[in-house]
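Listed below, chain by chain, are the residues.
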Amino acid sequence: MRIESKDQFAAFQAQAREREAGRKKRVLVCCGTGCLATGAREVAEAFAYEIAERGLDVEIGLGVKSTGCHGFCERGPLVVFQPEGLLYTKVQAKRVPEIVEKTILGGEIIPGLLYKNPADNERIPAYEEIPFYKNQVRVAMRNIGRIDPTDLTDAVAHDAYAGLAKALFEMTPDEVLDEVETSGQRGRGGAGFYTARKWRSCKAAPGDRRFVLCNGDEGDPGAFKDRSIMEGDPHSVLEGMIIGAYALGAHDGYIYVRDEYPLAVVNLQAAIVEARKAGLLGENILGSGFDFDIRISRGGGAFVCGESSALMRSLAGKTGEPRAKYVHSTEKGLFDLPTVLNNVETWAGIGAIIHHGGAWFASMGTARSKGTKAFSLVGKVKNTGLIELPMGTTLRHIIYDIGGGVLKDRPFKAVQTGGPSGGCIPENLLDLPVDYERLTEAGSMMGSGGMIVMDDRTCMVDVARYFLAFLTEESCGKCVPCREGLKQMLGIFDALVEGRGRQGDIERIETLAAGMQLGSLCELGKSAPNPVLSTLKYFRSEYEAHIADRACPAGICRDLTAFEIMDDCDGCHVCFKACPTNAIEGTIKELHVIHHDLCISCGACLDVCPTDSIRTFPKIELAVREVV
Amino acid sequence: MPTLKVNGRKVTVAEDVYLLEACRAAGVEVPTLCNFDGLEPWGGCRLCVVDMSLAKWDDDWFKMVTACNHPVEEGMTVITDSERVLATRRVVLDLLLARCPETPLIQRLAREHGIEETSYELNPEPTDCILCGLCTRVCDHIGVSAIASTDRGWGREIAPPFNEPPPDCIGCLACAEICPTDHIKFTTSNSCRTIWGREFEMLRDPKTGEAVITKAQAEHFAARSGVPMTYFETSDRSKRLEVAKTVERLRVVKS
Ligand SMILES: Cc1cc2nc3c(=O)[nH]c(=O)nc-3n(C[C@H](O)[C@H](O)[C@H](O)COP(=O)(O)O)c2cc1C
Ligand code: SF4
Ligand code: FES
Numbered sequence: 001m002r003i004e005s006k007d008q009f010a011a012f013q014a015q016a017r018e019r020e021a022g023r024k025k026r027v028l029v030c031c032g033t034g035c036l037a038t039g040a041r042e043v044a045e046a047f048a049y050e051i052a053e054r055g056l057d058v059e060i061g062l063g064v065k066s067t068g069c070h071g072f073c074e075r076g077p078l079v080v081f082q083p084e085g086l087l088y089t090k091v092q093a094k095r096v097p098e099i100v101e102k103t104i105l106g107g108e109i110i111p112g113l114l115y116k117n118p119a120d121n122e123r124i125p126a127y128e129e130i131p132f133y134k135n136q137v138r139v140a141m142r143n144i145g146r147i148d149p150t151d152l153t154d155a156v157a158h159d160a161y162a163g164l165a166k167a168l169f170e171m172t173p174d175e176v177l178d179e180v181e182t183s184g185q186r187g188r189g190g191a192g193f194y195t196a197r198k199w200r201s202c203k204a205a206p207g208d209r210r211f212v213l214c215n216g217d218e219g220d221p222g223a224f225k226d227r228s229i230m231e232g233d234p235h236s237v238l239e240g241m242i243i244g245a246y247a248l249g250a251h252d253g254y255i256y257v258r259d260e261y262p263l264a265v266v267n268l269q270a271a272i273v274e275a276r277k278a279g280l281l282g283e284n285i286l287g288s289g290f291d292f293d294i295r296i297s298r299g300g301g302a303f304v305c306g307e308s309s310a311l312m313r314s315l316a317g318k319t320g321e322p323r324a325k326y327v328h329s330t331e332k333g334l335f336d337l338p339t340v341l342n343n344v345e346t347w348a349g350i351g352a353i354i355h356h357g358g359a360w361f362a363s364m365g366t367a368r369s370k371g372t373k374a375f376s377l378v379g380k381v382k383n384t385g386l387i388e389l390p391m392g393t394t395l396r397h398i399i400y401d402i403g404g405g406v407l408k409d410r411p412f413k414a415v416q417t418g419g420p421s422g423g424c425i426p427e428n429l430l431d432l433p434v435d436y437e438r439l440t441e442a443g444s445m446m447g448s449g450g451m452i453v454m455d456d457r458t459c460m461v462d463v464a465r466y467f468l469a470f471l472t473e474e475s476c477g478k479c480v481p482c483r484e485g486l487k488q489m490l491g492i493f494d495a496l497v498e499g500r501g502r503q504g505d506i507e508r509i510e511t512l513a514a515g516m517q518l519g520s521l522c523e524l525g526k527s528a529p530n531p532v533l534s535t536l537k538y539f540r541s542e543y544e545a546h547i548a549d550r551a552c553p554a555g556i557c558r559d560l561t562a563f564e565i566m567d568d569c570d571g572c573h574v575c576f577k578a579c580p581t582n583a584i585e586g587t588i589k590e591l592h593v594i595h596h597d598l599c600i601s602c603g604a605c606l607d608v609c610p611t612d613s614i615r616t617f618p619k620i621e622l623a624v625r626e627v628v
Numbered sequence: 001m002p003t004l005k006v007n008g009r010k011v012t013v014a015e016d017v018y019l020l021e022a023c024r025a026a027g028v029e030v031p032t033l034c035n036f037d038g039l040e041p042w043g044g045c046r047l048c049v050v051d052m053s054l055a056k057w058d059d060d061w062f063k064m065v066t067a068c069n070h071p072v073e074e075g076m077t078v079i080t081d082s083e084r085v086l087a088t089r090r091v092v093l094d095l096l097l098a099r100c101p102e103t104p105l106i107q108r109l110a111r112e113h114g115i116e117e118t119s120y121e122l123n124p125e126p127t128d129c130i131l132c133g134l135c136t137r138v139c140d141h142i143g144v145s146a147i148a149s150t151d152r153g154w155g156r157e158i159a160p161p162f163n164e165p166p167p168d169c170i171g172c173l174a175c176a177e178i179c180p181t182d183h184i185k186f187t188t189s190n191s192c193r194t195i196w197g198r199e200f201e202m203l204r205d206p207k208t209g210e211a212v213i214t215k216a217q218a219e220h221f222a223a224r225s226g227v228p229m230t231y232f233e234t235s236d237r238s239k240r241l242e243v244a245k246t247v248e249r250l251r252v253v254k255s
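For the protein sequence lines, the chains are X and W, in the order given. Residue 1 is where the first sequence starts when you use my numbering, and the numbers rise one by one after that. Residue 1 is where the second sequence starts when you use my numbering, and the numbers rise one by one after that.
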């Protein structure tokens with residue numbers, strides 16, 4: 001059915017909402033990539049089978065819905081029962097008949113499937129009561145996990161395209177621009193450029209053909225917010241782009257999707273087809289006279305392809321290599337024509353901004369960073385996953401209230417934010433409200449919203465080395481400071497962690513970092529020293545220890561660290577089994593010892609010791625002991 | 001025509017040129033490695049960095065940009081020798097010297113910037129290739145694109161496709177001649193030229209017998225320009241002789 005007017009859209013919306021209201025009882029199975037990997041598809045199928053077999057669809061109007069990612073991937077597959085709002089975690093297909101029997105028909109809760117709060121070991125039945133969800137405010141991710149991403153009617157029942165209808169029928173393109181400006185929204189892909197300012201500069205550029213692009217490259221290791229949005233609510237991305245195109249007078253759009261995201265491609269493609277059929281995309285959208293269509297392009301597979309000029313070159317069929325751009329892509333972008341490129345999350349917010357008004361969005365957040373932001377919270381934290389929060393939320397709130405604190409209640413050491421070229425923020429800055437400015441001031445950045453929590457068993461030199469290694473692989477190699485600089489920087493760090501550090505290394509690092517920041521062509525090279533400089537700023541003594549004392553204070557760098565068992569060992573023998581090289585000797589209930597000649601300093605024993613009886617010390621002391 | 005200030009000196013240049021040209025017009029030398037007049041600027045070597053301030057910015061606010069590809073603008077102030085500009089150039093040259101320790105051009109530029117020895121790890125396999133991209137760009141420019149840069153990051157290399165003798169190469173030597181470090185090797189004899197692992201037949205001037213051009217290059221140009229092959233196989237000396245003869249004939253007729 002093609003919708004051809006404002007009234008027809010209102011009617012479609014009413015119908016969709018009515019259908020939704022009539023379907024009270026629902027089993028929502030998370031079918032995001034994370035849950036699919038742990039068997040969500042089978043769970044959804046098992047529910048569908050049980051329901052059909054028992055005729056529950058007819059009898060009690062029960063249905064299954066496969067949704068996008070609920071964010072709590074680590075506990076998947078996740079199943080939510082509506083209208084109760086009950087959440088089961090780690091559901092397996094073989095338990096589905098039992099769940100249907102007991103929970104759906106018997107109204108009985110199966111305690112073992114409930115979420116257990118790591119803070120107090122309480123089991124929490126209601127989805128909304130779980131701290132991980134309770135503290136979130138979702139804008140860009142508003143419908144993820146609630147709707148079936150492949151069902152347009154379901155999306156529309158949840159306000160999809162309401163913003164578009166409002167823009168097309170009640171607002172002029174300039175009013176749309178004003179509304180986006182009022183919202184104060186800034187780009188969610190990294191640099192945090194004001195969306196409205198970018199759009200205005202493109203609109204002011206001469207020429208009558210312009211492009212609207214969506215950056216779905218998401219190359220940061222571990223980041224998955226854009227994937228979740230594209231998979232779980234593709235219509236929100238399309239809606240944002242159509243509104244943007246309307247404001248700009250553009251008729252062609254492209255979504256550049258990372259090649260490793262097949263499900264995102266499938267769901268986006270399906271959404272595009274459905275939207276075209278419904279008259280929401282293509283010619284004469286909703287009968288308004290406005291034409292705009294979107295195509296999908298699959299990414300070149302490199303991190304640097306997410307950089308705007310590289311992305312546009314790659315879209316145009318050339319190598320995805322950054323171009324020095326002193327002329328903005330808003331003036332000369334794709335095919336040298338005026339172009340707006342925004343991140344997936346940026347676009348996903350636009351529909352809601354128009355629907356609820358810019359002022360509503362601007363009422364959340366801080367003075368210069370408005371609205372909400374998606375973060376992927378990972379690392380040594382109890383609850384890992386994808387979250388969305390108002391800007392200005394403190395790191396402490398994110399890590400402790402939502403994340404449930406550091407894993408195994410170990411001491412917190414730092415949180416790395418902003419992806420591979422972000423920085424590490426130490427404990428004394430935990431009350432930092434997270435927004436663009438504060439993170440930059442702290443020597444890190446917002447980036448795409450990655451957060452990696454690190455505990456005391458983390459060597460900051462090793463952390464910096466890890467990110468350098470990633471960036472060295474991903475540098476395109478076009479310019480000298482980034483290509484040669486990263487290689488040399490990595491070499492210095494290799495030496496540091498292997499105990500070959502020399503006096504003057506810190507100064508060499510600093511000189512090289514400054515040269516890369518100032519001299520590199522694109523933001524990859526310019527920001528590559530961030531992990532180095534931020535760890536150097538907050539954890540300088542660790543660097544000094546690696547050089548002067550040949551010691552890794554955190555006991556992580558293998559070449560610098562030796563392990564020994566202390567007297568309070570109760571001989572539980574657990575470490576004996578954990579050691580991969582049989583370097584541990586001891587009989588049960590007696591003090592164990594580590595043979596240094598066999599030990600490879602992997603730390604496996606320390607990780608498993610229940611009594612914390614294993615300590616690390618600088619390997620260099622071993623030599624001293626031998627002499628004595 | 002915009003007027004700029006370069007190191008305190010005023011210059012007026014054409015509308016559509018880059019900062020590098022304004023610097024030169026002001027008599028200020030800016031080192032470059034990847035720039036070549038007539039080819040689109042590329043911005044890869046980063047040696048030509050300068051400090052730049054727009055008229056509308058605060059007086060003490062400068063941005064570091066590459067002179068080779070930054071457009072000029074009325075009222076711009078350019079400083080080519082600020083401490084951070086020189087420091088950045090030193091890092092670039094220091095890094096290049098580690099990559100190409102035996103390359104005279106790099107040694108000289110480094111020395112001019114006060115670097116005798118690199119502060120970094122020496123390349124265990126010294127090369128003369130500085131990856132300035134001039135060769136591939138000139139090859140693209142003449143419409144051949146026989147060679148390209150392969151791989152990314154540190155592994156980047158200039159090579160023909162699949163590292164095999166490039167089928168599209170016409171043996172014109174544009175890449176070898178533009179290479180600032182003479183890294184690209186070739187041989188030319190009276191009958192044959194070799195480059196990139198390929199052998200090319202030479203066309204000889206019918207009159208003087210000297211080798212003029214590879215057959216492949218003559219064919220490439222002939223096909224693109226519509227000019228007959230015979231034009232290309234005539235050597236410059238031959239052409240000059242021809243002119244001289246004509247002049248001689250005219251003189252005879254006149255007298
Ligand atoms: C090396 C590099 C990688 C990038 N990768 C991405 C990416 O994966 N996704 C993205 O949206 N932006 C990425 N960016 C930022 C883009 O260049 C661009 O700023 C952004 O897409 C603009 O959208 P926004 O204003 O909505 O944030 C990257 C930038 C750099 C320098
Ligand atoms: S900074 Fe790095 S990624 Fe960017 S152009 Fe230079 S080499 Fe390529
Ligand atoms: S000459 Fe400008 S970057 Fe190389």
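These are calculated hints, taken from the structure and not from any lab test. Every value quoted in this text rests on a predicted model; they were computed, and no experiment measured them. Watch out, some of these pointers could steer you wrong.
[Claimed, not checked] Have a look at the derived ranges for each label pair, beta carbon to beta carbon:
1) W:Leu122 / X:His595: 34 to 42 Å
2) X:Lys537 / W:Glu29: 35 to 43 Å
3) W:Thr150 / X:Val624: 44 to 52 Å
4) X:Arg625 / W:Gly197: 55 to 63 Å
5) X:Ala11 / W:Trp57: 18 to 26 Å
6) X:Pro206 / W:Gly209: 53 to 61 Å
7) X:Asn135 / W:Trp57: 41 to 49 Å
8) W:Trp57 / X:Asn121: 26 to 34 Å
9) W:Glu83 / X:Thr440: 46 to 54 Å
10) W:Gly114 / X:Ala191: 31 to 39 Å
Every residue gets a Cβ at the ideal spot worked out from N, C-alpha and C, and that includes glycine.
Tested hints:
1. Taking the beta carbon of each, leucine 122 of chain W and histidine 595 of chain X are about 39 Å apart, inside 34 to 42 Å as hinted.
2. In this structure, lysine 537 of chain X and glutamate 29 of chain W meet the distance hint of 35 to 43 Å, their C-beta atoms being roughly 37 Å apart.
3. The hinted window of 44 to 52 Å between threonine 150 of chain W and valine 624 of chain X holds, with their beta carbons roughly 50 Å apart.
4. Evaluation of the 55 to 63 Å hint for arginine 625 of chain X and glycine 197 of chain W yields a pass: the beta carbon distance comes to about 59 Å.
5. Range check, alanine 11 of chain X to tryptophan 57 of chain W: about 55 Å between beta-carbon atoms, so the 18 to 26 Å window is missed.
6. About 58 Å separates the C-beta atoms of proline 206 of chain X and glycine 209 of chain W, a value consistent with the hinted range of 53 to 61 Å.
7. At roughly 43 Å, the beta carbons of asparagine 135 of chain X and tryptophan 57 of chain W sit within the given window of 41 to 49 Å.
8. For tryptophan 57 of chain W and asparagine 121 of chain X, the hinted distance range of 26 to 34 Å is not satisfied, since their beta carbons lie about 59 Å from each other.
9. Judged by the Cβ atoms, the range 46 to 54 Å given for glutamate 83 of chain W and threonine 440 of chain X is violated: they are separated by roughly 24 Å.
10. Our hint of 31 to 39 Å for glycine 114 of chain W and alanine 191 of chain X holds, since their Cβ atoms are close to 35 Å apart.
Going down the numbered hints, you'll see the structure goes against 5, 8 and 9, while the others check out.
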